[in-house]
Structures are given as C-alpha cells and as structure tokens.
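Number of protein chains: 4
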Amino acid sequence: MLIVIKSEEKQENVNKIKRKMKELGCEICEFKGQTYYLIGLVGDTSNIDPDLLNANENVEKIIHVQEPYKKVNRLFHPEDTIIDICGRKIGQGHFTVMAGPCSVESEEQIVSIAKEVKSAGASILRGGAFKPRTSPYSFQGMELDGLELLKLAKKETGLPIVTELMSPKYLDKFIDDVDIIQIGARNMQNFDLLKEVGMTKKAILLKRGMSATIQELLMAAEYIMSEGNENIILCERGIRTFEKYTRNTLDLSAIPVIKKHSHLPVIVDPSHAGGLWWLVEPLAKAALAVGADGLMVEVHNDPANAKCDGQQSLKPEKFKTLMNKLNKMLEIEDKKIG
Amino acid sequence: MLIVIKSEEKQENVNKIKRKMKELGCEICEFKGQTYYLIGLVGDTSNIDPDLLNANENVEKIIHVQEPYKKVNRLFHPEDTIIDICGRKIGQGHFTVMAGPCSVESEEQIVSIAKEVKSAGASILRGGAFKPRTSPYSFQGMELDGLELLKLAKKETGLPIVTELMSPKYLDKFIDDVDIIQIGARNMQNFDLLKEVGMTKKAILLKRGMSATIQELLMAAEYIMSEGNENIILCERGIRTFEKYTRNTLDLSAIPVIKKHSHLPVIVDPSHAGGLWWLVEPLAKAALAVGADGLMVEVHNDPANAKCDGQQSLKPEKFKTLMNKLNKMLEIEDKKIG
Amino acid sequence: MLIVIKSEEKQENVNKIKRKMKELGCEICEFKGQTYYLIGLVGDTSNIDPDLLNANENVEKIIHVQEPYKKVNRLFHPEDTIIDICGRKIGQGHFTVMAGPCSVESEEQIVSIAKEVKSAGASILRGGAFKPRTSPYSFQGMELDGLELLKLAKKETGLPIVTELMSPKYLDKFIDDVDIIQIGARNMQNFDLLKEVGMTKKAILLKRGMSATIQELLMAAEYIMSEGNENIILCERGIRTFEKYTRNTLDLSAIPVIKKHSHLPVIVDPSHAGGLWWLVEPLAKAALAVGADGLMVEVHNDPANAKCDGQQSLKPEKFKTLMNKLNKMLEIEDKKIG
Amino acid sequence: MLIVIKSEEKQENVNKIKRKMKELGCEICEFKGQTYYLIGLVGDTSNIDPDLLNANENVEKIIHVQEPYKKVNRLFHPEDTIIDICGRKIGQGHFTVMAGPCSVESEEQIVSIAKEVKSAGASILRGGAFKPRTSPYSFQGMELDGLELLKLAKKETGLPIVTELMSPKYLDKFIDDVDIIQIGARNMQNFDLLKEVGMTKKAILLKRGMSATIQELLMAAEYIMSEGNENIILCERGIRTFEKYTRNTLDLSAIPVIKKHSHLPVIVDPSHAGGLWWLVEPLAKAALAVGADGLMVEVHNDPANAKCDGQQSLKPEKFKTLMNKLNKMLEIEDKKIG
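Protein chains in written order, with the numbering used here: chain A, 39 to 376; chain B, 39 to 376; chain C, 39 to 376; chain D, 39 to 376.
Errors might be hidden in some of the hints.
If chains are identical, the list can't say which one is meant, so a pair holds when it fits in one copy or spans any two.
To be verified - Mimicking DSS-like on lysine-lysine, the simulated pairs with C-alpha atoms at most 25 angstroms apart in a straight line are: (1) K109 x K44; (2) K298 x K156; (3) K99 x K189; (4) K56 x K366; (5) K366 x K211; (6) K70 x K189; (7) K282 x K297.
In short, the hints are calculated from the structure, not lab data.
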C-alpha cells in the first residue's frame, strides 16, 4: 500500500502519518518525488483499512499494490483447486455441464428433463426451487416442494443437484438435500448469507453480481473462505452495460483473468447472460474456447410454456446438438465433458 | 403489452398466440404493418409474465407500454405520499436531513455526534450497527451493541434513528428499537428481506442498488408495498459507471424521474455517492436544487480515526456550514428543513 | 412506430397528432387501452423523425417496432454479404486473419513482421501509420512515411493492407495506397468522415465505438451505405464498462446479434479488447467459436520496445501457436483460414 | 510512476528495467516489499510511454501517481482561467447562460429566439448549423446557410454565437464567423480536429464524450492546449450508463472534480443530458448549485415542430421562469448571470 502526500505538505503532518502506520505494525519505506511524497507500507497490509488513511486530509490518495484477497489468491496457492461433487470433479481439465430448467414446475417436468440432460452428457442437474424475480407478481418458485421434486429427480437419475439459496432460514434444509448451493447474482454481496454458507462444508456456486467487478467477486469468495469453506465454484453470467439487444453482456475475458488471479474453478452461464435461446449455443462454445471449467445451461422440454425464462431455454434436442459440438471442441483440447 | 410477430408468420401460429392470450383473460387488438404484425393486450397485463411470450419462437419481441409497477405508480395514486416519523413529516415540501456517523463506535461518539447534528438542524440520526463491507477483514460494525448505543443517543437527543438491517434474523429487534429500517444498496434485490419488511408497519428507507435501474428500484419498493407496507422512502446514492475519480456517479436526474413516476418521497445520500468529503457540500446543494425530499449525510467528529468511511464524512463544523447554505436555498423555495 | 398518449387526453389533441401523421404520408391504426391510447404508423417510418413527436407535450412516449437501419438490415437483404479484397473473400464461411504491429516503426520492422504473419497464415497486413492516442505527448505514428512502408511490405509479401484513416484530408492518398480503410472506434460517429468514405468504393473496416450500442454501430454502417459504398466489414473491439482488470470488455454476444440483424461480415479485435497479450489467445479462440468472420491481431517482433501498445502484442512464435489452434478449431466447423 | 515487479523476479531482469529507465533520463527510487518490488520514477514522467513498460513481461503492472495532463492541471496553474468572449467573462464567479435552438431553421426562427433568450438574460446564442445525427436520414442542419443566419441573429441582438464544428474543412469559415467553436461529444477524441482548433486563438467549447472519463476529457483539452490555444471551456452533458429513463446520466459530480483538478471553466448542458424538456429546469438548478460556471440550454419557440431535439427544448416563457429562479439562487452565492 502506498500513501501519496503532496510534496509541499508540512513535515510534522507527514510524521504523524508515519507514526500512526508504525503503531499499526507496519514497516515503512519512503520515496520523495517532485510533486508527491510517497510512504510505502511493507508486508501484509490486508488488515489495514484504507478508509482510515483516506480520511486524513493531508493524504492525497492511497494506491494499492497488492490485491485485497488472500485465500482465493493464486499468488499464495498456485495449484488449481478441484471440487469433488459426489465423485465428479470440477476444475483443472474437467469440463462440467450443469443443466436443467430455470424453475422446477412438476415431478414429470423435472424428472423427464433430468433424464434428457443426463443422456446428453450433463453431469449435474440444475433447477430453481426459490426464484428471485424482479416483479412480486411473477412466479416465485415451488419453494420447499420444488426441493422435494429435485431430490426425486436425483434419485431417478443419480445426478447431483444445484439450486439457489435465497435466505439463511432454509440453510439446514439445503445442507441435507442439495449437492451444490447456488448463491445468485443478486445476493453476491449479501454478506450475511456468505458468512452462513462459509460455515458449512457444502460446495458453493457463487455467481458474479450484475455490476460486480472481478475483484468484488473474488472478495465475495474470500468472505466464504475466511469462514472456513474452500469448496467454491465461481460463475460468470453477464454484467450490466449500456447495450440493450442482450439482457446482460457476457464478460468472457473474466475467465482468463480469474484463472490468473485465483485458483478457484470458474464456469459460465450462457443462458442468463444473453437472455435469448439462440445465443446459448455460440456463447457456450465461446465459453469453452476461452477456458471455462464448465457451463450452466437452461434446458426445458416446453419453453413456450415454461413458468420462467422460457425465452432463454434450449429444447432437449438443441441441447444434445450443443453437447456434441462441445465434445468435438474438447477433443482438440484433450479434455472431456463430466 | 404488444406482441410483435413477423408479417410473414403463418396465420395458424398467430392464432395460437391469440388464443393463449384470450385464455389468460386478455382483450385483444390487432394491427398489421408491412413487416410486422402487432397484437395488443388491453387492460391490466401486470400479471402476465412476458417470459411466457418471449419464449414462443414465433414472437419477434414483446413491447411494454405500461410500467410494471402498480402500487408505487403515480398514475394510480396522484398525490405525494407523506411519511410520518415520530411526528416529523417526510415528503411533499418537507426537507428532511438524516445525519450521523457511518458506524456507531462508542457511546461517547454517537451521543456527541447526535447532539451536534441535532443542533445543526438534522431531524433524524443515522448510524450503522451492522455494516456491509467489501472485505471480510474490515470492521463489520458493533452489531447489537451498536443498536443499544443508538437507543441511548435517541434518549439523549430525541432524534429518531435510522439504521441498516442486513438479515431477517434481527428484524424483531429492529421493529422494537429503530424508527426507520434501512435496506442497503447491496440488498435492494434481496427479495426475501423485502418481503419480510413488507409485512411490518415500519418506515423503510430503500436505497437504490449500485446497478439498479430506476424501474428496478420502483419494483423493489413494489415488493414491499405488495406485502402491505406503504411507508417507503427511496434513496438515490450513486450508480456504478465507468468513471473512476468518484466512487459512484450520483444520478440526480433520478429524482425528478422518480417524482414523475411515483408518489413516494425520495432523498439523496451525497456521502456514499462520491466517496469524498469535499464532494458532499456541492452534491447536497445540487440534490436540494433538483427537488429531493431530503438528505442522508455522514458526519463524524474525528474522520481521520473513524472506523469506516472517514474519507466521506463531514466534521460537525462543516456540516453546520452546509446546513446554513441549505437553509438559504430552501427559503427561496418556501420550504424548511425538518 | 407507435405513439403512446394517455387515455384521458382530449380528443382534439389526439386528432391533431393524427392529422399531422397523415400529412407526413403515414397510414394510421388505432388502439385504445385502459390507461393509454396508441396510434400506430404503418409502412416505412424511417424517414419520420421521432423527435418531432416526442416534442409534443401530449405524447407520453414513442415506441419503435422496426429497426432504424435499412440497407444494413438482414430483413431486406437476407444473404450474407461477401467482401472481396484482392481476391481474398471476407464473410460467409471464410475466416480472415488480419495481423501486424500496432504502428509502423521502420522498413525492417514492418517487412519482417509482414513475412512472419504471412507465413503463419494471416491474409491481410495491419499496421498503423496515423495513431489516435489519448495523450498528445505519445507517439502519433509515422503518418505518410508509414503509409509508404506499408506499401513496401505489401510489395514484398503480396499481403493487402488495412490501416486507419483519421482525417478526410488524406482520403485520396488512402484510396490509392490502401486495400481496406479502417475507421477507428473513436471516429465511429465522425459522420463527416463516414460520408466521405461512403462516397468511395473502397472496403471499409468500421470499428465499434467504445460506448456504441450495436444499433449505433449499424447506423454508422448505414451512413456509409446510404452514400453508396456497400463494402463494409464490422469489427467488435470491446466496450467500456465498470470492470477495471481489462481495458475494455469484449462483447462477444455482439457477433451473433449482428449476424441476426445484418448481412455484413463482422470480425473481432482481441488485442485492443483486453489490452493484455496473454488475453489474446483465449479471446481469439472464443471469437472464432462464437461465429466471427475473422480476427484483427497485433503482432510485434519486440513488444517490449514497440512504440505503442506493446503490452497487447503477440510475438511471432506465439501468433503461430495461436494460428495452429485456430486451424484445428476451424476444421471441426469445416472452415479454413484465409 | 511506479513499476511493480514480483519479488521473486531475477535480479538481472530488474536491472535491465532500471538501466532502461536511466537511459530515458529518469531518476530512480527502489522499494522492496514481501511480494512485490517497486521501482519509482522521480520527476516529470509524462513523456514516458507506459506502454513501453507494460509490454515487458517481467513487469507486473504500472501505477500512475501523477495525472497525465500538464497544461490543464491546476497543480501547475492554481488560479482559475477566465475566458473573454466579446467582453463577456466566463469562469471564476461569472455564471454564463448560452441558449438557443438545437438547430438553425430559418431567419425568422433564429432571430426571434435570439431576442427571446437575450431578453431573458442569456449572454451567448447557441444554434446548430451542422448537426451530428445518429441516422443519415435525419435532418443534418442548414450547414453554411445556417451559419449566415446565425450571423444575422448576432447582428440583430449583439449576442456572440457558439456553434458546432464537425469537420476541419470549415475551420476558416468558423474562425471568421463564430465566437466560440463547439467540439461535440462525438468528436471529443477526434484528435485531428482537436489539433486543428488548437492552432487557432478561438475560444473552444469542448463537450465531454458520452463515455469519456473526466481524465480523458482533460486529456482532450490538453491536446488543444498543447498546440497553443488556452481558451477552453469544458462542458458536461451526460454520460452513457445502463439507466434507460433518461437519454444520458448527467454526471454533476464531474463539476467539483474538474474544478479541483483543472483551472478551466466548466459549464453544463441539461438539455442533452436528460433528453426531456421537463428535466431541464431541475437539472439546470442543480448544475448551478453544484458549482458550474454556466449552462447551455436549448430554447425553441415551437418545440413540437422543431426540426430536431424538440422534446428537450424549453419554450421561451419556461426559459424565462428558469432564468428567474437561477437569478434568485445566484443572489445567495453573490454571483450574477452573464
């Protein structure tokens, strides 16, 4: 961390800042330029709150040299993390496809879709029981009943299940019933929820918030890890920009950037990114090509009558075609789905 | 709501869509252009999920004519809503200033600042007990102890208190102890929390999410109102853009836009918007000029040693100067603080 | 185009608007809902300025059903446009790689890089002679001398050349010397320049502005086409968002969206998008996978001493590795480079 | 400027970088932390291209301590710049209102509006002769004829005129006929045009680009100043964000930020920012309150028949009301219009 002070600042004010830093246990380096005077803090400064320094009216600005995250930082953990979900590996060379409907609607619906996505090669079943909807008048999910139907579908197909947790009050239920707990984009900075799931041992699928920087996504993962849970899968699902043709702008550059800075696996959700079914295939292929560790894809047997997000769901046959194309691409990379 | 279909679409597909709309209870108008065929739905369509239609592959797009919110919509409630907080009115000509430290740090701190802001003219005391912080290693607030200190400060000064609720688990405590429950920007779409506070009768200060559109802010308020609670104060606090000099970009145009579309009062938080103390005064004055119903301002007696956000806090004497300037501006508008 | 008027509006005001529309030659449909009254204009409304209607204080808003572009619109020109550059085809199944240094620096540099990229499989040579730089103190390009060196490199290798035109004053020179005229992101809405190149027959590479919507990009192409030049290649090169790790956010969803709405070929510039050399390979592969018609890649033999943008340039050997990987991917798609 | 290198980097690579910096004439400071090694460059580094260093694969990143602009920087020019336009002062306590129609349409129109805005207190007449329009099919302005009409209006009223220059080919004409040359938002980084007007002595009104950072706006002004022209007025007119109710998001925080970092005067255009006439008054008042040096406001006698942007134009009587309100606000600040 570097503290920037105007060169003309009185020496006593500079000394006061230096003294304070030393009290906080920092070793100090100094550095005098023509217009600015720099004080560098050596060592681990992640416990020093930069707000403390910014508030000092003699400080021009604070410059961060080191990333604010530690446990998720590849610098201190060079090897890729691999997450194990009922024997299926996620990360480092494995390409995992999670697929299923936006929301669970009936036993018949979820079981039949589960069978379809399994036969096409998906290794994890997705399906929403609790749905975050922009309007209070939209379908909010089947809630606990939906969870029961997911368990049935798992029993029938053997596919582990991933579904979204929106409130700490159902956490115990999710720990019992679910294989991967999803934290949705809107809750990426619901710090209370992050701490709660951080205290479990469950695998967590953490989706990037619509306007979260990559650094903030990694800091949200740091919240979970700092409570002891290291089983985190990150998920890029599109960010909010000025562009209007697509619901969000899928930020595929985020994949190699995250892989450079963190050891956690990262997958892509091409369905929510564009919000349009005909964008799913090209974006899914691009996600594989850019180096993602997997995908989360919405599949529905009757999109036109889906209770939510039908416009971004693939029909099972289109999903099969996509899986075939992905398999061919993975062959070149010496990887396999699942 | 308008359904746009390509003119060359087969008549039977068009008929299928028309039949479905009629089943949902919609009256229909038709409209044939050269390249597109339009089906208009007459009446209240807020219960029709546009996803259902978007998923139909014969539908080119859906166009919304009417806003998706009802209870917060000025169209159906033309008069301004006025919120009463222990006898102080918020909205319609009253200009309310909520002031206090970012976080409660000690009895001495909160009581002395409460006295200072009261004497300068603030009518409500703000202070964080639970703090949403980007880093798990930053100060997270005094939590329940902080709430106790706020009550002490209220007892000493008579100022009603506003503070942020981050988790439903403390809701009962907040109902007992707090006058206005703040829902922070990061939780604006924490729908579970919105529903919970919607079932109370407490006044809610709902902050706009960092990347929330004005429509989404109004839909979040609709969540609260649809559960029965109509005591909502909206708050603009800056949105996320590409600009880097300021922490967020304060969207002051949002104030007249919200006032046109909704009857709810709306205030501005100039402290979080810019993230820099020297921006607070000009932005506060601009907020008044643009028509806001009040302000939420961070004030700290010792910003350089504040436990959080010191860099955006005003010292009490600067706050007094600001209040004097605001008073002069309000005189021209025939309004008063408080 | 739909004109939305409040239902309670006086009939005489509605009639005035209808009369005006008829004077402008529009056929009219009407449509009365509970809260709004809609007037639909049938036929080609692209000549009607919506500002005219928006300014009417009885008009609530204007809704556009049809896209504002005509000549670039796939609706009126369903087949892909193929551009011919000295016998090389761009568009519809051909995958074209344009490669070379950010800026021309010397004869030796440009000729040797031209040979390298040709032998690796590139079919067009890029190289900046005139450079748009954020700072007036940065290297501005070799200007006309750079153009001469590009011609030399073309003579040596046979590669057609693409380079950026920044001012109409050099247009004649560019028509003589250059095979593709590039209009840079910062000039995408320099309408004077667009009109000037629209009056030539040269192929134009039109880069998307940093904050241009896809619709605005297509409208910029419409400017060129409306003057008579139909030889346009579009280029996605990253848009400005809040994310800070990357210089821009590459919007790969734009490729399938553009292909749906327009018949023009579209390529991707992975070098400018991320601004970092280690992002070029993954983004280039993703661009191919998402369906782009080609790439524009910066290659430099000595990036650490390049006069500009060295940090985003690939060394020739890394470029060769990339081309090999792209070739393998193209095989699956039954396509070829060049 | 600080060069950040990983601590584990080989000493010889570090030495190579240090040697290169010394060759470029830089004095060097060093600084060794646990994970990073820092090399600081002392003195004026604005001539060192950071790309050169970023391209070095041993460099982790470059950190800028100093702003990249010099001539526009308040650090080196602490007093406010005042621009003189035919005896009217802009900057430092003067509040200047430029008003008039979006585009010049006829002699009668421009002369009558000029008289109206003059009598209401405006001191400069605006009016577009050349219009940058998103669509090639929209009205493009009366061009040179419009310029003649502006001159007539000036002759009738004595008001100096400001109008937009879109192409260097009319520069000489503008130098003769116009008092302030406007560079529009879309041309803010048309560097050729900036250099051209930089070589004149005319006052330049430089509008912020729709997606330009404040730093880029100041760098664009630096382009003009580096050619010798110091008569620059900056203009904030809204930036592009995700919000859809308003055309752009007016960034009023930019005003105090610009005033802190630069000595140039800065005005606000509330008409283009929101794109809606009913937003002009509140935004104009907010602009004054936040500290702007003036306004640019669109006024039209018949907005519903204006040839462009009628929806954002004020009628003369509404403009008068606005001017009265602004005058009252200025009294409190001990300032005057004009």
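Consistency of the hints with the structure:
no. : hint        : verdict
1   : K109 x K44  : between (35 angstroms within a copy, 19 angstroms between copies)
2   : K298 x K156 : neither (32 angstroms within a copy, 31 angstroms between copies)
3   : K99 x K189  : neither (53 angstroms within a copy, 36 angstroms between copies)
4   : K56 x K366  : neither (60 angstroms within a copy, 42 angstroms between copies)
5   : K366 x K211 : neither (39 angstroms within a copy, 47 angstroms between copies)
6   : K70 x K189  : neither (65 angstroms within a copy, 48 angstroms between copies)
7   : K282 x K297 : between (29 angstroms within a copy, 16 angstroms between copies)
Hints 2, 3, 4, 5, 6 from the list above are not met by this structure, while the remaining hints are.
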